[in-house]
Every structure is written in structure tokens, then in C-alpha cells.
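*Asks:* From just these sequences and the hints, can you work out the full model?
In the numbering used here, the protein residues as written are 22 to 977.
Since the hints were made in silico from the structure, they are not lab data. We put the CB at the ideal spot given by N, CA and C, even for glycine. Treat the hints with caution; some may be incorrect.
[What the hints assert, rightly or not] Restraint-style ranges between C-beta atoms, simulated for each label pair:
id	residue 1	residue 2	range
1	R707	R44	29 to 37 Å
2	D381	R149	50 to 58 Å
3	A518	R351	55 to 63 Å
4	G154	R275	44 to 52 Å
5	G154	R914	53 to 61 Å
6	P69	A639	35 to 43 Å
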Amino acid sequence: MEQTLTRPVRPVQVGPALRGRERERAALTGLLERAARGTGGLLVIEGPPGSGKTRLIEEALRAAGRLGVRVFRGGADPEGRTVPLGPVLRAFASGSDPLLDERQFGEFAHLPNQDYWILQEIREQLERATLAGPVAVLVDDVQWCDESSLRALRSLPEALAGHPVVWVLATRTAGLSRPARATVARLVRDGGRSLRLGPLDGSAIRELARDTLGAEPDDTVLELAAQAEGKPLLLRELFEGLRDEGGVAVRSGRARLTGPRIPQRFEESVRHRLSHLSPLARDFAEVASVLGRSCSVDLMVELLGVPPGSLVEPLQEVLAAELMVETDGRMTFRHDLVREAIVGLAPAARRRWLRRRAVDLQLARGVPVTDVAVLLAESAGPGDDASVKLLTRAVSELAARAPAAAAELSTKALRLLADDDTDRPRMIAGTVALLWLGGAHARALELAESAFRAPGTLDPESEARLRLTLAGLASQQSFTEAVRQGRLGAAVEGASAGLRAHSLALLALNLTRGGTLDEARRTAARARALARETGRTAAEVVALTAESIVSFMRADWQQAHDAVERADRLARDVDPAELPYKPGMWRIYLHSSAGSAQRAVDEADEGILLARRHGQAATMHFWTMSRARFLLDAGRLEESRAEAEGVVAMAEDLGSADFTDTSVRYPLGIVALHTGDRQGVRRAVRDAAEMMRDDSVFVRRFGTWLAAQVAEWQGDSERALELMPRDTEFFDAVHPRFPVPLDPMDQPAFVRIALRAGDRERAAEAVEVARLRAEGNPLFAGLAAAHAHARGLLTDDAELLAEAVQLHRGSQRPIAVASACEDAGRVLLETSAARGTRYLKEALRLYEECGAQWHAERVARRLAPAGNRTRSDRTRPAARAQDRATGWASLSRGELQVVRLVARGATNREVAEQLFVSPHTVNTYVRRSFKKLGITSRVELVRMAMEQDRDGGAAR
Numbered sequence: 022m023e024q025t026l027t028r029p030v031r032p033v034q035v036g037p038a039l040r041g042r043e044r045e046r047a048a049l050t051g052l053l054e055r056a057a058r059g060t061g062g063l064l065v066i067e068g069p070p071g072s073g074k075t076r077l078i079e080e081a082l083r084a085a086g087r088l089g090v091r092v093f094r095g096g097a098d099p100e101g102r103t104v105p106l107g108p109v110l111r112a113f114a115s116g117s118d119p120l121l122d123e124r125q126f127g128e129f130a131h132l133p134n135q136d137y138w139i140l141q142e143i144r145e146q147l148e149r150a151t152l153a154g155p156v157a158v159l160v161d162d163v164q165w166c167d168e169s170s171l172r173a174l175r176s177l178p179e180a181l182a183g184h185p186v187v188w189v190l191a192t193r194t195a196g197l198s199r200p201a202r203a204t205v206a207r208l209v210r211d212g213g214r215s216l217r218l219g220p221l222d223g224s225a226i227r228e229l230a231r232d233t234l235g236a237e238p239d240d241t242v243l244e245l246a247a248q249a250e251g252k253p254l255l256l257r258e259l260f261e262g263l264r265d266e267g268g269v270a271v272r273s274g275r276a277r278l279t280g281p282r283i284p285q286r287f288e289e290s291v292r293h294r295l296s297h298l299s300p301l302a303r304d305f306a307e308v309a310s311v312l313g314r315s316c317s318v319d320l321m322v323e324l325l326g327v328p329p330g331s332l333v334e335p336l337q338e339v340l341a342a343e344l345m346v347e348t349d350g351r352m353t354f355r356h357d358l359v360r361e362a363i364v365g366l367a368p369a370a371r372r373r374w375l376r377r378r379a380v381d382l383q384l385a386r387g388v389p390v391t392d393v394a395v396l397l398a399e400s401a402g403p404g405d406d407a408s409v410k411l412l413t414r415a416v417s418e419l420a421a422r423a424p425a426a427a428a429e430l431s432t433k434a435l436r437l438l439a440d441d442d443t444d445r446p447r448m449i450a451g452t453v454a455l456l457w458l459g460g461a462h463a464r465a466l467e468l469a470e471s472a473f474r475a476p477g478t479l480d481p482e483s484e485a486r487l488r489l490t491l492a493g494l495a496s497q498q499s500f501t502e503a504v505r506q507g508r509l510g511a512a513v514e515g516a517s518a519g520l521r522a523h524s525l526a527l528l529a530l531n532l533t534r535g536g537t538l539d540e541a542r543r544t545a546a547r548a549r550a551l552a553r554e555t556g557r558t559a560a561e562v563v564a565l566t567a568e569s570i571v572s573f574m575r576a577d578w579q580q581a582h583d584a585v586e587r588a589d590r591l592a593r594d595v596d597p598a599e600l601p602y603k604p605g606m607w608r609i610y611l612h613s614s615a616g617s618a619q620r621a622v623d624e625a626d627e628g629i630l631l632a633r634r635h636g637q638a639a640t641m642h643f644w645t646m647s648r649a650r651f652l653l654d655a656g657r658l659e660e661s662r663a664e665a666e667g668v669v670a671m672a673e674d675l676g677s678a679d680f681t682d683t684s685v686r687y688p689l690g691i692v693a694l695h696t697g698d699r700q701g702v703r704r705a706v707r708d709a710a711e712m713m714r715d716d717s718v719f720v721r722r723f724g725t726w727l728a729a730q731v732a733e734w735q736g737d738s739e740r741a742l743e744l745m746p747r748d749t750e751f752f753d754a755v756h757p758r759f760p761v762p763l764d765p766m767d768q769p770a771f772v773r774i775a776l777r778a779g780d781r782e783r784a785a786e787a788v789e790v791a792r793l794r795a796e797g798n799p800l801f802a803g804l805a806a807a808h809a810h811a812r813g814l815l816t817d818d819a820e821l822l823a824e825a826v827q828l829h830r831g832s833q834r835p836i837a838v839a840s841a842c843e844d845a846g847r848v849l850l851e852t853s854a855a856r857g858t859r860y861l862k863e864a865l866r867l868y869e870e871c872g873a874q875w876h877a878e879r880v881a882r883r884l885a886p887a888g889n890r891t892r893s894d895r896t897r898p899a900a901r902a903q904d905r906a907t908g909w910a911s912l913s914r915g916e917l918q919v920v921r922l923v924a925r926g927a928t929n930r931e932v933a934e935q936l937f938v939s940p941h942t943v944n945t946y947v948r949r950s951f952k953k954l955g956i957t958s959r960v961e962l963v964r965m966a967m968e969q970d971r972d973g974g975a976a977r
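*Replies:* Okay, here's the thing in C-alpha cells:
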């Protein structure tokens with residue numbers, strides 16, 4: 022008997038059978054089961070539209086419910102790309118059991134870098150949530166996430182890696198923005214798992230056909246199904262269309278085609294169903310498709326101009342036709358492909374009108390302009406001044422939080438302006454800045470250069486201001502470009518004297534970073550004179566800072582200190598936004614270089630505390646970067662490494678990772694050398710090579726010196742010496758041939774390298790530079806100590822080395838003191854064993870207090886009686902190093918402090934407040950502790966801590 026299958030419309034089926042995705046479902050279930058046992062993880066589901074990504078998200082939701090895992094679900098949409106943190110906030114502030122109360126975010130609205138503070142609050146609340154049980158965070162359509170949401174998705178999984186948090190992210194494989202693609206790649210690289218959804222195989226297609234048609238499909242049906250390319254959504258639409266339109270008949274339990282008229286394309290299927298709706302239901306679907314993925318019914322009532330009650334039945338039709346679903350009181354298209362199939366039905370002019378009408382209605386209701394910015398940009402046309410003003414408002418609100426999104430809106434607004442609009446120069450400058458901050462450097466330069474070339478586009482003042490903007494932006498990435506723009510800006514004829522003062526001052530500062538010191542001094546003097554004439558205090562501050570840097574590099578430390586002290590006093594009356602580099606930070610660096618490292622740490626602590634109190638996350642970040650270096654100088658190696666790694670994590674939250682990477686590579690590399698961290702040394706090799714390619718002479722110098730110290734650490738003194746070429750780029754005023762290390766305390770280390778390489782001439786040159794530095798700056802005892810130490814090494818003079826130790830006694834640079842003690846002890850052992858031993862023991866104590874274990878092991882070997890060492894004595898240092906590498910006993914004092922607090926249930930923020938560090942630094946301690954203990958979750962940490970307490974380990 023033959024039966025024709027027909028069905029006009031049917032209600033939505035919840036949870037149809039998932040076919041052909043057994044591997045993916047098993048991965049999801051396994052991830053959630055591990056979370057239930059206390060271990061988190063991350064899974065990225067990738068695939069083309071219609072491949073079943075959202076269906077797997079729903080499967081994860083159901084599996085989490087079965088396993089008792091608390092779920093937060095969100096998703097991005099193309100119209101929401103200008104809503105910072107939109108998908109993330111929807112995930113955590115919606116549902117029956119939200120993590121966050123959206124009213125909390127009002128307190129962050131007035132703060133700079135508000136997204137950073139919101140992200141810290143999310144992290145804290147997620148940590149607290151995991152104390153009660155496992156959590157799953159499901160985010161769909163990552164390809165449409167805004168910049169802030171992508172930063173959150175990069176940083177939160179890493180920050181909560183030890184917690185029972187499961188992250189399931191779904192994204193399209195094509196059409197991803199560069200930031201979205203980079204985010205997915207990084208998450209997978211850092212340990213996340215990627216599942217790429219390919220086409221369903223023949224077995225799965227057959228099962229899906231059987232589910233839908235209620236019978237076994239014959240070959241004709243399966244041949245037709247091949248046109249759907251194995252995509253579950255298209256297959257389901259195809260089979261349902263065949264069934265609903267009587268396209269198949271069942272005979273003896275098998276379904277076969279009945280005729281040639283079949284829904285061969287998904288778009289045709291969707292439009293066919295649309296044609297069966299009533300006129301009002303059809304209008305509803307078409308208008309909704311123009312507005313985006315979802316819409317409120319209230320807004321649709323106004324757009325359609327109908328009474329609210331008249332939409333009840335049309336809405337039921339749209340739902341029954343499976344075009345849309347109801348989610349949290351909004352109507353949402355069941356799939357983006359459904360919406361895309363409908364949106365093209367409306368003429369372009371009607372689409373623009375509807376979008377603009379929707380924008381006006383929502384703005385009248387108080388919806389933020391950023392929430393409707395995409396619709397606004399799509400609806401505006403040339404000469405639309407009202408749209409330009411609205412877009413400009415949106416750009417202003419987005420600039421600090423999402424510069425890339427703001428740049429796109431600003432670019433659109435710029436296209437709407439007439440060529441002779443008086444506001445055009447200002448908008449060009451703003452767009453250039455946003456493009457640069459958003460990472461589109463080439464586009465920024467292209468826009469600026471086109472404006473410079475076009476006659477009459479920019480007056481002299483506007484051109485000079487734009488050049489100044491470019492110079493300031495480029496100084497973060499390319500000093501070569503910054504100097505080029507600075508020179509061009511300072512040379513613009515007709516620009517005001519005040520603006521020229523700013524241009525010259527910034528040019529002088531960038532010239533110091535590029536190493537062109539003579540030109541920098543002359544330019545700074547011109548800038549300071551102009552600044553005084555025009556009352557531009559900010560320009561005078563920048564020029565004085567540049568003069569201070571030049572004096573420091575010319576070894577005139579007193580002049581360097583005097584200039585920066587004047588700059589720092591003047592800066593108190595200047596808006597910090599006008600200062601590209603804060604003189605106070607340079608002043609503290611000088612203190613640390615002169616030996617007052619602990620003073621520098623203390624002042625950095627004050628700066629961090631003040632910045633945190635005022636919600637100035639970017640300033641806090643800068644101070645924290647500086648603190649990592651000052652801790653290194655102060656010999657607090659473990660803290661320096663933890664702070665540096667924490668800075669990188671903080672930079673991720675702030676979106677300033679590129680600049681930060683350069684600033685913390687050096688302390689991380691030096692700490693690795695001091696501690697004998699072989700993995701860290703391997704990273705230092707890569708970092709030094711990258712730093713040596715930088716166009717900043719400062720960065721190149723630090724990179725070169727790091728590479729030289731790595732080579733020396735590896736026993737290749739000749740290679741180390743080769744890396745320090747003779748040239749006059751920096752120090753021709755101090756010595757005609759020798760480029761000394763930037764830190765004077767490193768001068769003895771260079772002498773040691775030269776001597777081991779057999780080049781006494783180079784060693785003597787280094788000693789001469791140390792002498793010139795010391796004699797030219799008699800008020801700085803650290804320079805005299807470095808000279809005595811370097812000269813003592815050259816001449817193998819025990820008394821000079823002992824003098825260096827005495828001169829270092831008041832120093833806050835303990836590793837420099839320990840190094841002088843070690844060299845004095847080494848030489849004295851030959852003439853006075855008892856005296857030499859005392860110096861070596863002091864060196865050993867200082868090295869161990871600093872955590873410089875690599876050096877401590879060397880001194881310990883020297884202290885062992887010569888010729889009287891057993892095999893166990895010879896192997897003991899290596900054994901101790903191995904013991905330190907793993908297990909509870911391997912935890913440092915700082916790590917032990919942190920893990921004990923964490924094991925008692927404290928969140929990272931609570932630990933940070935108790936220990937006066939940042940939550941990012943706490944996370945660094947936790948991550949390192951997990952690695953040493955061989956664990957991956959805080960559940961395991963609690964268990965280990967309880968065992969230690971039970972076994973008496975608490976005493977440590």
C-alpha cells in the first residue's frame with residue numbers, strides 16, 4: 022500500500038536526534054564529566070553554516086543538566102559587533118540563575134578601561150561560582166564577537182584553568198575577522214581542543230532521512246540528498262520539504278521520490294514556507310530579517326504599525342513554520358541561513374528605510390547608540406548629517422573600549438561627509454587614530470597619506486596635528502615611523518608655534534629611543550624654548566624628559582636627575598593624557614639604575630595603588646611593567662618573574678599585548694639565567710632574537726645584551742663577545758669605540774665575558790668606560806662600585822674587588838653585591854683561604870636569598886674542599902636541582918603562600934588583596950605551582966594541601 026506524506030505546517034520539534042556526530046557528542050560529554058570531577062577544559066566547534074554547531078551547543082546544554090553542571094549560554098550576532106562584551110554579558114547576566122546583576126556594571130561606567138574592570142568582576146564571580154560546583158560557558162557564533170568579548174574569551178579560560186570550568190565555543194570556519202581567527206588559534210594552541218564539523222557520511226544521512234520520513238530512503242532520495250553537501254540543516258530542510266509537499270511516497274517501508282518538483286535549495290524551501298504564511302506573518306518575518314538575528318515584538322508592532330493584539334496569530338504561524346523561535350521574550354531566527362534566505366526579498370531602499378526607522382524608534386526608547394550602530398551605518402547615505410552625528414556619538418563611546426569597531430563606524434561616517442565639510446580634518450585624524458589602535462596600521466597610514474596628498478583637504482594646523490597623532494601612535498610599534506612623522510610634522514609651514522613645540526618635544530623623545538642622541542638634544546632644546554614662549558607646559562615636560570634620557574645615555578647622571586626632577590614637578594599641573602611618557606616613571610628607573618632598587622619598587626607600589634584606587638587600569642599596567650624590572654634589580658627574582666608573567670596576562674585584558682611583550686622579555690630572560698631555568702633560557706633565546714630586530718635602539722641593546730648573557734651562560738664567551746659590536750651609536754661621548762651595557766651594574770659581567778674570550782683589549786675598554794662613568798658622577802656610589810669591580814676583574818686584584826664589595830654595601834642591588842663577593846672570594850682563596858671563604862659564603866647567602874640558584878650552585882661547588890669531593894658531592898647540586906623542580910618541596914616561598922590561601926578557598930582577588938599583588942600575578946603563581954605539583958585543578962590542590970598538613974608539611 023502506498024501512502025503520500027503531507028503536512029502543511031507543524032510545531033517545532035525540540036531536540037531531534039543528533040545523527041553522525043557521535044565523536045563530537047562524546048567529546049562534549051567527556052569534557053563535562055571531567056568538569057564534574059573538578060577539571061576544566063575548552064572545546065572549539067568549527068564548521069560552515071548549517072553544519073550543526075548550534076545543535077551541538079544545545080546538546081552540551083542538555084548534557085550539562087544531566088551532570089549537574091551550571092550553565093551560562095551566550096552568543097554573538099552580526100548586528101552586535103559594536104556592543105562591547107555583549108555576548109559575554111548576555112551569557113552571564115541572563116537566564117534563571119545569572120552570574121551577574123547588570124546593575125553592578127553601573128559602577129564601572131565612569132572608569133577608564135571599564136571593560137577591564139568588568140572582566141575582573143566576571144573572573145571573580147566565576148571563581149566563586151566554581152566553589153559550589155562545576156560550570157559550563159557556552160558561546161555560539163564567535164565569528165561575530167566584538168573585540169572586548171574576544172579578549173575575554175582569550176583571557177578567562179587561562180585565568181580559570183585550574184577551576185572546573187568548561188568552555189564550549191562555536192564558530193564558522195570562513196569569514197572570521199583577523200582578531201576572531203587569532204583568538205581561536207590561540208585557544209587551541211594553549212591546550213583547547215578543536216572539532217571541525219565535516220559533512221555527514223552516508224550512514225548518518227540515511228538515519229536522518231529515516232527520522233524525518235518515517236521510512237527507509239531508497240537510492241533516488243539519497244541521490245537527491247547528495248545536493249545538500251552533507252550539511253545537517255540543509256538535509257533536514259530537504260527531507261521535511263519532501264515530506265510536507267508530498268514529494269515522497271512510502272511503499273513496503275521504503276520512501277521513494279514521487280515526482281520532479283522538489284525543494285532542491287534551502288533558500289527555495291524557506292521562501293516556499295514563507296509563501297504559505299498570512300500577509301501579516303510574512304511581513305513580520307521579512308521586516309524582522311532586515312533588522313538582524315533577533316528583535317523585540319514591541320519594536321515590530323511600531324514598525325508594522327499594527328495593534329499589539331493583531332500579532333498573536335501571525336507569531337504562531339512564524340513559529341510553526343520553524344522560521345523563528347522565541348528566546349527570552351525576543352523573536353530570533355532559527356538559523357542565520359533562514360534569515361539570509363528572507364532578507365533579500367525586500368528592495369534595498371525599503372531595507373534602508375526600515376533599518377533607519379528601527380534605529381530612530383530604539384533611540385527614542387533610550388537604547389544606547391552603540392547598540393544600533395550597525396543598523397545605522399547600513400541605513401545611512403551620503404549627505405545624511407543626522408546619521409553622521411549619531412555615528413560620531415557611537416564612535417566616541419566605543420573608541421576606548423573597541424577601537425577597531427569604532428574605526429569602521431568612523432570610516433563610514435567619513436564617507437558620508439561632503440569633501441568640503443569643515444569637520445572633515447578632525448574626523449580624518451580621529452579615524453586614523455582608531456584604525457591604528459585597532460591594529461589596521463596600513464589602512465591608517467593610507468588614509469592619512471591620502472589626506473596629505475589631496476589639495477585643500479587639510480590646513481597647516483590640521484596637517485601638523487595629524488602628523489603629531491601619527492608620531493604618538495607609531496612610537497608604540499615603530500620608532501622609525503614615529504621619527505619620520507615627527508620630522509614632517511615639525512616642518513609643516515603655517516602651523517602654530519604651540520603645536521610645533523609639541524611636535525618637536527615628541528620628536529626629541531622618539532629620537533632618544535632611536536639612538537640619535539645629538540639630534541635629540543638639539544630638538545629638545547628647540548621644543549623647550551617654544552614651549553616656554555607659548556605656555557605649553559606639556560611640551561616642556563616631554564622635552565625635559567628627552568633631555569634627561571640623553572644625559573643619562575651620555576653618562577651625565579646628575580644632569581639626567583636634575584632634568585627629570587624638573588619635568589616631574591611641572592607634570593603635576595598637566596593633564597596626563599597630554600604626556601606620551603610619564604617623567605615620574607623615568608625618574609624611578611634612574612633611581613633603580615643608581616642602586617636604589619627597593620626605593621623604585623616602593624614608588625611603583627604607590628603608583629599601582631593610586632591607579633587602582635582611581636580605576637586607571639592602563640596606568641596600573643604601566644606601573645606593573647616597571648615593577649617587574651625594579652624587582653629584578655632588587656634581587657627579588659621569583660616576584661619579578663611572576664609579576665612579568667602577570668603583566669602579560671593583564672595586557673591581554675587591556676588589549677596592549679604587543680607593547681607589553683617587549684617590556685617584560687628582558688626581566689624574564691635574566692631571571693631564567695639567574696635561576697637556571699632551562700625552559701626560560703630557551704624562551705630568552707627567541708625573545709632576544711626578536712628584540713634585536715626591533716627598530717628601537719633601546720630594545721635592540723637590551724636584546725643584544727640578553728643574547729650575550731645567554732651565550733655566556735651556555736659557556737660560549739666568544740659568541741657572547743661577538744654579539745656586542747664596537748660602534749658609536751650611543752656612547753661616542755663617553756668612549757669612542759665601545760657600546761657599554763645599558764645598566765652600569767652589568768659592566769663587570771662584560772669584562773668577565775671579554776676576559777674569558779681572551780680579549781683583554783675589549784675588557785680594558787669596558788673598564789675605561791666604567792672609570793669615566795664613575796669619575797663623571799661622584800655622587801653615585803654604585804658607579805664607583807661597578808668601576809672597582811670591573812678593574813679588579815681585569816687586574817685580578819683582590820683588594821679592588823674587596824673595595825667594590827664595600828662600595829656596594831649601601832646598594833639595593835643584592836645580585837651585584839653577591840657577584841663582587843664571589844669574585845673577591847675567588848681571588849682571595851689563593852692568598853687567604855679564610856678571608857676568601859668568608860666572601861664566598863656571603864655571596865652564597867645573597868644568591869640564595871635572591872633565589873639565584875644557578876649562581877648559588879656554582880659558589881657552593883667552589884666552597885667545597887678542593888680535591889676532597891666525593892662522587893655524591895659532585896652530583897649533589899644536580900640532584901638538588903632535580904628535587905627543586907617538582908613536588909611540594911619545590912614550591913618557592915611566594916608560591917607556597919599563594920597555594921595555601923587558594924587551598925583554603927580564597928579567590929585570586931582575595932589572595933591578591935592579602936599579598937598586595939595583582940590577581941594576574943596570583944594566577945601566575947598558581948599556574949607555576951600546578952606545573953611543579955603535576956596537577957591541573959584546584960580540587961587536586963586542596964587534596965595535596967590537606968595531605969601536607971596531615972603529614973606535618975605545614976611547618977614549611
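*Asks:* With reference to the structure, classify each hint as holding or not holding.
*Replies:* Structure-based check of all given hints:
{"no.": "1", "hint": "R707 to R44: 29 to 37 Å", "in the structure": "holds, 36 Å"}
{"no.": "2", "hint": "D381 to R149: 50 to 58 Å", "in the structure": "violated, 42 Å"}
{"no.": "3", "hint": "A518 to R351: 55 to 63 Å", "in the structure": "holds, 57 Å"}
{"no.": "4", "hint": "G154 to R275: 44 to 52 Å", "in the structure": "holds, 49 Å"}
{"no.": "5", "hint": "G154 to R914: 53 to 61 Å", "in the structure": "violated, 33 Å"}
{"no.": "6", "hint": "P69 to A639: 35 to 43 Å", "in the structure": "holds, 39 Å"}
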